[in-house]
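Engineer: Following the UniProt record's numbering, the numbering of the sequence shown begins with 1 at its first residue and continues without gaps.
Errors might be hidden in some of the hints.
Claimed, not checked - Dumping the calculated SDA-like pairs for lysine to any residue here, alpha-carbon to alpha-carbon at most 20 angstroms:
hint: 1; residue 1: Lys-42; residue 2: Leu-5
hint: 2; residue 1: Lys-61; residue 2: Gly-47
hint: 3; residue 1: Lys-4; residue 2: Leu-187
hint: 4; residue 1: Lys-4; residue 2: Pro-72
hint: 5; residue 1: Lys-4; residue 2: Ser-180
In short, the hints are calculated from the structure, not lab data.
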Amino acid sequence: MGVKLGMYTSMGRTTCEGLPASFDHIEEDAHTFAMWGIEFLKVDTCGLTLSQYFWPEPPYKKFHDQLKAVSPSLTFNVCNWGFHAPWKWEFRPDSWRTTMDIFPVWWRILQIVDFSEPLYEYVTHGAYNDWDMLECGVTGTFFNWEWTPALRPLSPVECSSHFALWAFALSPIVIGMDISNTPQQYLDIVTDENVLGLHKGGAAGRRAAEITEGFLFAPSVYFSGKVLGLLGFQDFPTICLVGSCKYYEVWVKPMEEAEAGELAVLFFNRGGTLHNARGFAAFEDISIQQKAIGFSPVDKSCSSVKVRGITGNVTVEERGAVKARSVPTKGTSIAVLSGEGCEFKQPLRRTKLDSNIVFFAFLICCWIIRLMRRRRRRHRNDKRKDD
Numbered sequence: 001m002g003v004k005l006g007m008y009t010s011m012g013r014t015t016c017e018g019l020p021a022s023f024d025h026i027e028e029d030a031h032t033f034a035m036w037g038i039e040f041l042k043v044d045t046c047g048l049t050l051s052q053y054f055w056p057e058p059p060y061k062k063f064h065d066q067l068k069a070v071s072p073s074l075t076f077n078v079c080n081w082g083f084h085a086p087w088k089w090e091f092r093p094d095s096w097r098t099t100m101d102i103f104p105v106w107w108r109i110l111q112i113v114d115f116s117e118p119l120y121e122y123v124t125h126g127a128y129n130d131w132d133m134l135e136c137g138v139t140g141t142f143f144n145w146e147w148t149p150a151l152r153p154l155s156p157v158e159c160s161s162h163f164a165l166w167a168f169a170l171s172p173i174v175i176g177m178d179i180s181n182t183p184q185q186y187l188d189i190v191t192d193e194n195v196l197g198l199h200k201g202g203a204a205g206r207r208a209a210e211i212t213e214g215f216l217f218a219p220s221v222y223f224s225g226k227v228l229g230l231l232g233f234q235d236f237p238t239i240c241l242v243g244s245c246k247y248y249e250v251w252v253k254p255m256e257e258a259e260a261g262e263l264a265v266l267f268f269n270r271g272g273t274l275h276n277a278r279g280f281a282a283f284e285d286i287s288i289q290q291k292a293i294g295f296s297p298v299d300k301s302c303s304s305v306k307v308r309g310i311t312g313n314v315t316v317e318e319r320g321a322v323k324a325r326s327v328p329t330k331g332t333s334i335a336v337l338s339g340e341g342c343e344f345k346q347p348l349r350r351t352k353l354d355s356n357i358v359f360f361a362f363l364i365c366c367w368i369i370r371l372m373r374r375r376r377r378r379h380r381n382d383k384r385k386d387d
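Use the sequences and the hints to build the structure in full.
Structural biologist: Rendered as structure tokens:
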């Protein structure tokens, strides 16, 4: 059936469930896992000693080197939840977790996306950012705490976007659901060969553009993942404050055939991150110029750009625009652009704020006016006291 054997352990004395782990048994466990034919090993960060907690790289490197010596093809996954920036370590694990644990809530999916996407530059062949397992078809709990209420599974649209973004980023695709007891529609999503084809090569995908319109409060647009954490906004939903709003993202991924001018483009209708908020349209057309996503002509022959649809309906319009039609809220549409005489140049990260600038300028003006009134009032009170 093509099923491979994976195993779990921890660098500390115990696993996160309190079971014996690999502390002081690294060499022994490495040979045991090789003898069992383990092909994927997730090494967690529970039960650590104080020195391991503050300097986790040396013990992880020791375990990695022991395993690779006896089983070179084994995939070594570091799960230290993104602490100590494992993507910058001197030795290169096969993959490393970028965040704390995932759970099946839409804003949590987006929180991981927002923090992990800027790390695309650390992805190389055989070394990948692990955005955590897929939550399609999973009925979990908040932060995976058993004492919290059960959560509804992600909707099929949410699951499709979740899967597409993970594939685009070249994150390891690890299915978290019980495949023996999962609706067929979820199985169809995570086995889509067209989307999985994006995961088999090329560079890691990244945002090329963020487009917002209307009176929209979206913390992820204005602040980085680390700043959001400090401000306490990392779990905050996108809110449409007045009237109708739009919130789109366009991602690009150079394909393995990038030299021949192939570029995968993902259109993401992100509006309504926590729920289908009033004011967000159910379906939207998303359009962007080819130059804005770095797809530009080497010579005049690039004018005949071809589109290979992956999901949704994507077309090339006149004057160099690429348009995704009727993208559902929280949904994605993907296509691969190609054309002789075309090349891909990494675009600068650009954010279109539109009326958000006006809105926040209005807020600042209100704050200044309020401050001035308060100072006037204080001045009057002081004057009355003097009289």
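Engineer: Confirm or reject each hint.
Structural biologist: A quick look at each hint next to the structure:
no.	hint	verdict
1	Lys-42 to Leu-5	holds, 12 angstroms
2	Lys-61 to Gly-47	holds, 18 angstroms
3	Lys-4 to Leu-187	holds, 18 angstroms
4	Lys-4 to Pro-72	holds, 16 angstroms
5	Lys-4 to Ser-180	holds, 17 angstroms
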